[in-house]
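Novice: Assemble the whole structure, with the sequences as input and the hints as a guide.
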Amino acid sequence: MASLIPCPHCGQRPREEFTVKGAALVRPAADAGRNAWLDYVYLRDNPRGRYDEHWHHTSGCRRWLVVTRDTATHEIEGARDTAARTETVE
Amino acid sequence: MTSYRLDKGGLIDRSKPLSFTFDGKGMIGVEGDSLASALLANGQMLLGRSFKYHRPRGVISAGASEPNALMTVAQGGRTEPNTRATMQELYEGLVAQSQNRWPSLNIDISSLNSLLSPFLSAGFYYKTFMWPAGLWERLYEPLIRRAAGLGKATYEADPDRYEKCWAHCDLLIVGGGATGLAAALTAGRAGARVILVDENAMIGGGLLSETATIGGVSAVEFAGRTVAELESLPNVQVLSRTTAFGWYDGNVFGAVERVQKHASEPRPEVPVERLWRIVAKQAILAAGAEERPLIFGGNDIPGVMMASAMRAYLNRYGVAPGKSVAVFTTNDSGYTLARDLEKAGLRLVAIVDSRRSGATAGVYEGSARIINGGFVPDAEGGKALSSITILQDGRKEKLAVDSLAMSGGFSPVVHLAYHRGGRPEWSDAEATFVAPEDHKGLSLAGAAAKASGLAGCLEAGARKAEALLGKLEIKADPAAFGAVEGDIVAAPTKPVWIIPGIKGKAFVDFQNDVHHRDIGLAVREGYGHVELAKRYTTNGMATDQGKLSNVNAIGLLAEARGVSPADVGTTTFRPFYTPVSFGALAGTSHGKHFQPVRKSPLHDWAVKNGATFVETGLWYRSAWFPLAGEKTWRESVDREAKNVRRNAGLCDVSMLGKIEITGKDAAEFLDRVYCNAFRKLPVGKARYGLMLREDGFIFDDGTTSRLEDERFFMTTTTAYAAGVMNHLEFCAQALWPELDVRLASVTDQWAQMAIAGPKSRLILQRIVDQDISNEAFPFLGAKDVSLFGGKLSGRLFRISFSGELAYELAVPAGYGEAAADALMEAGNEHGICAYGVEALSVLRIEKGHVTHNEINGTVVPTDLGFGKMVSATKVDFIGKRLLEREGLNDPNRLQLVGVVPLDSGTSFRSGAHVLEKGAEATLENDQGYISSSCYSPHVGSTIGLALVKRGSSRHGEEVQVWNGLLNEFTAARLCHPIFVDPANEKLKG
Chain G
749 MASLIPCPHC
759 GQRPREEFTV
769 KGAALVRPAA
779 DAGRNAWLDY
789 VYLRDNPRGR
799 YDEHWHHTSG
809 CRRWLVVTRD
819 TATHEIEGAR
829 DTAARTETVE
Chain W
53 MTSYRLDKGG
63 LIDRSKPLSF
73 TFDGKGMIGV
83 EGDSLASALL
93 ANGQMLLGRS
103 FKYHRPRGVI
113 SAGASEPNAL
123 MTVAQGGRTE
133 PNTRATMQEL
143 YEGLVAQSQN
153 RWPSLNIDIS
163 SLNSLLSPFL
173 SAGFYYKTFM
183 WPAGLWERLY
193 EPLIRRAAGL
203 GKATYEADPD
213 RYEKCWAHCD
223 LLIVGGGATG
233 LAAALTAGRA
243 GARVILVDEN
253 AMIGGGLLSE
263 TATIGGVSAV
273 EFAGRTVAEL
283 ESLPNVQVLS
293 RTTAFGWYDG
303 NVFGAVERVQ
313 KHASEPRPEV
323 PVERLWRIVA
333 KQAILAAGAE
343 ERPLIFGGND
353 IPGVMMASAM
363 RAYLNRYGVA
373 PGKSVAVFTT
383 NDSGYTLARD
393 LEKAGLRLVA
403 IVDSRRSGAT
413 AGVYEGSARI
423 INGGFVPDAE
433 GGKALSSITI
443 LQDGRKEKLA
453 VDSLAMSGGF
463 SPVVHLAYHR
473 GGRPEWSDAE
483 ATFVAPEDHK
493 GLSLAGAAAK
503 ASGLAGCLEA
513 GARKAEALLG
523 KLEIKADPAA
533 FGAVEGDIVA
543 APTKPVWIIP
553 GIKGKAFVDF
563 QNDVHHRDIG
573 LAVREGYGHV
583 ELAKRYTTNG
593 MATDQGKLSN
603 VNAIGLLAEA
613 RGVSPADVGT
623 TTFRPFYTPV
633 SFGALAGTSH
643 GKHFQPVRKS
653 PLHDWAVKNG
663 ATFVETGLWY
673 RSAWFPLAGE
683 KTWRESVDRE
693 AKNVRRNAGL
703 CDVSMLGKIE
713 ITGKDAAEFL
723 DRVYCNAFRK
733 LPVGKARYGL
743 MLREDGFIFD
753 DGTTSRLEDE
763 RFFMTTTTAY
773 AAGVMNHLEF
783 CAQALWPELD
793 VRLASVTDQW
803 AQMAIAGPKS
813 RLILQRIVDQ
823 DISNEAFPFL
833 GAKDVSLFGG
843 KLSGRLFRIS
853 FSGELAYELA
863 VPAGYGEAAA
873 DALMEAGNEH
883 GICAYGVEAL
893 SVLRIEKGHV
903 THNEINGTVV
913 PTDLGFGKMV
923 SATKVDFIGK
933 RLLEREGLND
943 PNRLQLVGVV
953 PLDSGTSFRS
963 GAHVLEKGAE
973 ATLENDQGYI
983 SSSCYSPHVG
993 STIGLALVKR
1003 GSSRHGEEVQ
1013 VWNGLLNEFT
1023 AARLCHPIFV
1033 DPANEKLKG
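Chains as they are written, first to last, in this note's numbering: chain G, 749 to 838; chain W, 53 to 1041.
Everything labelled a hint here was simulated from the structure, so no lab data went into it.
Bear in mind that the values here come from a model prediction, so they are computed numbers and not experimental data.
Take the hints with a grain of salt, since some may be wrong.
[Claimed, not checked] Taking lysine to aspartate or glutamate and the EDC-like style, the derived pairs with C-alpha atoms no more than 16 angstroms apart in a straight line are:
hint, chain 1, residue 1, chain 2, residue 2
1, W, 644, W, 212
2, G, 769, W, 781
3, W, 843, W, 821
4, W, 492, G, 764
5, G, 769, W, 746
6, W, 932, W, 746
7, W, 969, W, 955
8, W, 932, G, 823
9, W, 835, W, 762
10, W, 835, W, 712
11, W, 502, W, 489
12, W, 732, W, 761
13, W, 502, W, 480
14, W, 502, W, 525
15, W, 492, G, 818
16, W, 716, W, 762
17, W, 216, G, 825
18, W, 333, G, 823
19, W, 1001, W, 936
20, W, 926, G, 779
21, W, 737, W, 760
22, W, 492, G, 823
23, W, 546, W, 482
24, W, 694, W, 712
25, W, 502, W, 482
26, W, 1001, W, 1020
27, W, 395, W, 59
Specialist: See below:
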């Protein structure tokens, strides 16, 4: 029904404007081991609680954000630009 | 006797009659009536038939919790089934129909179900209709569905408008009773941004049925004055007829406003309903408390209703429930009604009080007979109540009454507070389930939070508003009100879950016809857990969501299991609090506004040329251009395809995704997102690119041209245009923010057309100012060009999807139609034709070019013969590492191959599977499948592209193509996937 995401560029905006990609992981180096790559592409922690996710403000500023969200309560702790050009906003 | 309208009293205007019909019968109500009160005023107590047993039912409540008085209101496209008569305001000309009866409400044949009731107990669906299983779909389910049901929705289109909107406030107050009004006044006077929502037409909640006074004025007048002050404050918005139905993440509340559901003629410029999403910094739930029914035999007979409801009909609507009334109560609140009934001059036969000690001293000073320590085990009557049986100290007595009020205590309405998780807890002291007052962002106040009595609620509301505004650093003084007089404050009493000595059916859930023995049965059969009992008995699963039944069911479960209700707990609270119409949820997104339509800048050109359109995603694409005399789409498509190979054709390709990529590191960026090399692509050249996913599979393809050293122009497939843009932005922002690269989607900025065929150069040269000879502008050239003698600039690409000599010309979108017209005119003497996506598809299949039919998420570059394109020297690109996996390099993988039928008179379709010659159609024998197919006018038969095991080394092998849907086998031969000009001479010529 509704949910708000604090975009560091646009302010509080409804979830419908965003697209979630999944866990905000760090891409391994090109020469990292096979397992590091398999983990990156296929394995997810699926924690109950705090989780950093990549969200795209698709119908807004079109920036990719790292949104810190509680997977159990859906509460959003904050969001920052993935390129870290802004501070985390709440 | 029946109910009737009193001569005076109530918040109705007797001078303004409103005519309406019920089951075709004309009736008169007055302004201020609800449909329920108007029906009662007309003596109509039988309002519907029950869900399972088809028992006669009347009205039991006066508000949102109504389980019985559901009817179909209005006609044609406005028909709304399952409307609660208690919530529907009366309007002139209203048409209401009762539900779930046949042939009529009075004579209902399915009421025989009552006689079958021993077989219709809880879980009967599972027990009775176990076998033969085959009869379920054909016999049992249709029968049950016909017999048990609610109103029917209409198939006609809804003529009305709906809309959605957002609102923001400091404090949202849900409920406009004493608590909510006190809170709103406190916050409004402090200057806070306040929204007050109430589901009724008139704000005031319980105050509107109240006979007490506040500060020397009647409760009704107090409510009116307060609302007037609130509406005078610019920072306060009062929304009546608005139900807050859900509490969501981010402290967003969903509410639906019934703007014109009470209007005879809805004004077309105003929506009938409005869906609100309200973002509140803080919110107060002041939804009050729900009175609990008592569970005795015949407690569903028309004439039996909640005490608070009877009081509302009496005081607010001026309707008397009957001539001789009895009250059955477990607490002091029943005496408030008794007092008002006597004041209105009704005959109060008896007050049956389950407490041996009777009413609290001083509460009742009337003259009615009081039976302390008494119960009503049974009520009697058919379509109307005729008598009740009273049990006191083992003695039974029958009393003739035509109406009975019941009060089993109160449950706070805490629904909204648990939409985001959690459950309320049982309190022995309060004799109900209670919620903590403060949740993050939402607090409860008033009767929803244990406060009782008008004075208590007024104070609680004011104090809560002050406290919550304090959190927002807004200073507020709690509104103060004068003394309350004449209010009976009922203290909680021990609940009486089950009345002793019941003979008849005692209903727990009225709407779903669950009676007290069903609950016991559920426990005996092992379904005693509250969530299991709910599903097994269907208690609380009807459209009323068990507003009247859930707590009683929990009490009965507790008794049957010999535990406290605390050990039983509640079921889960979920939105919506009350039903919300699909119209409101859809808002403006219906009919042609269901989704946006994307039209190419060449759309009008295509229309002009007689195109037949096909919807692909949001796009309207020209599919083919029939000429006079062509009878089938194939005739047109064959002609277009042949003409392109013989002369020339023009096709709209504007819907391809177009992305402009600039910046110092643009080339490096492309090198990383494509699996093939792009860094050294010369300026003025286009290159086909393959984009992989990180797991090594192909994501999308397209051409990218280098227009300047630091400026590239990328095209993507139509379907993946948005996905590729999102992906590139992810790569640029999240993976490699250090790269200097800018991305701009320019899909809508350019009209792009393919001009293909041996005569395409001749035609193009007529409008392009520069030399485009093969020497000056060879295959894969890409450059800015000037057109029409310098009047227009465009971009020209020498790329070919058809395999012919071909170009793609891009011009600014607004000039697309003019440029296409000019090309058609220039090409006229050379036999140019317009061609659509069908012919485009034929041409590309003939040429063995892949689309997302082949790039379907399961293929890697080698599967399509693109293995050599994958860069072996680049350090990194998306998909590089996992593409190295053994399984993705297995020679047994499905590979792209062409397929032709042995007999050109036979055919096959995409999706059909390839089997070895003579092999049975089994999973083990499966060799792959046809990914694309068409009739090729060039080959003279059906041709296909297929993904087949080791396909690239099986050219020439005879196979069979199996269509599993039709069980058809077609003998065919695997072949090279390029059917036309395999040496690529035409496109380079």
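Novice: All the hints need checking, so say for each whether the structure fits it.
Specialist: Hints, verified against the model:
1. 644/W x 212/W: holds, 14 angstroms
2. 769/G x 781/W: Roughly 12 angstroms between the alpha carbons, so the hint for residue 769/G and residue 781/W holds.
3. 843/W x 821/W: Holds. Residue 843/W to residue 821/W sits at ~10 angstroms (cutoff 16 angstroms).
4. 492/W x 764/G: At roughly 23 angstroms apart (the allowed maximum being 16 angstroms), residue 764/G and residue 492/W break the hint.
5. 769/G x 746/W: Judged against 16 angstroms, a Cα distance of about 13 angstroms means the pair holds.
6. 932/W x 746/W: Roughly 7 angstroms separates the two Cα atoms, so the pair holds.
7. 969/W x 955/W: OK: residue 969/W and residue 955/W at ~15 angstroms, within 16 angstroms.
8. 932/W x 823/G: violated, 37 angstroms
9. 835/W x 762/W: holds, 14 angstroms
10. 835/W x 712/W: Holds: residue 835/W and residue 712/W sit about 14 angstroms apart, inside 16 angstroms.
11. 502/W x 489/W: Holds - the C-alpha atoms of residue 489/W and residue 502/W are around 9 angstroms apart, at most 16 angstroms.
12. 732/W x 761/W: holds, 10 angstroms
13. 502/W x 480/W: Holds, because 12 angstroms separates the two Cα atoms, which is no more than 16 angstroms.
14. 502/W x 525/W: Not satisfied, since the Cα-Cα distance of roughly 27 angstroms exceeds 16 angstroms.
15. 492/W x 818/G: Satisfied, since the Cα-Cα distance of roughly 15 angstroms is no more than 16 angstroms.
16. 716/W x 762/W: Holds, because 6 angstroms separates the two Cα atoms, which is no more than 16 angstroms.
17. 216/W x 825/G: violated, 28 angstroms
18. 333/W x 823/G: holds, 15 angstroms
19. 1001/W x 936/W: With a Cα-Cα distance of about 20 angstroms, the restraint between residue 1001/W and residue 936/W is violated, given a limit of 16 angstroms.
20. 926/W x 779/G: holds, 12 angstroms
21. 737/W x 760/W: holds, 10 angstroms
22. 492/W x 823/G: Answer holds: residue 492/W to residue 823/G is near 11 angstroms, not above 16 angstroms.
23. 546/W x 482/W: Satisfied, since the Cα-Cα distance of roughly 9 angstroms is no more than 16 angstroms.
24. 694/W x 712/W: Violated, because 34 angstroms separates the two Cα atoms, which is more than 16 angstroms.
25. 502/W x 482/W: holds, 7 angstroms
26. 1001/W x 1020/W: violated, 21 angstroms
27. 395/W x 59/W: It holds: about 13 angstroms lies between the C-alpha atoms, which stays within 16 angstroms.
The structure does not agree with the numbered hints 4, 8, 14, 17, 19, 24 and 26 stated previously, though it agrees with the rest.
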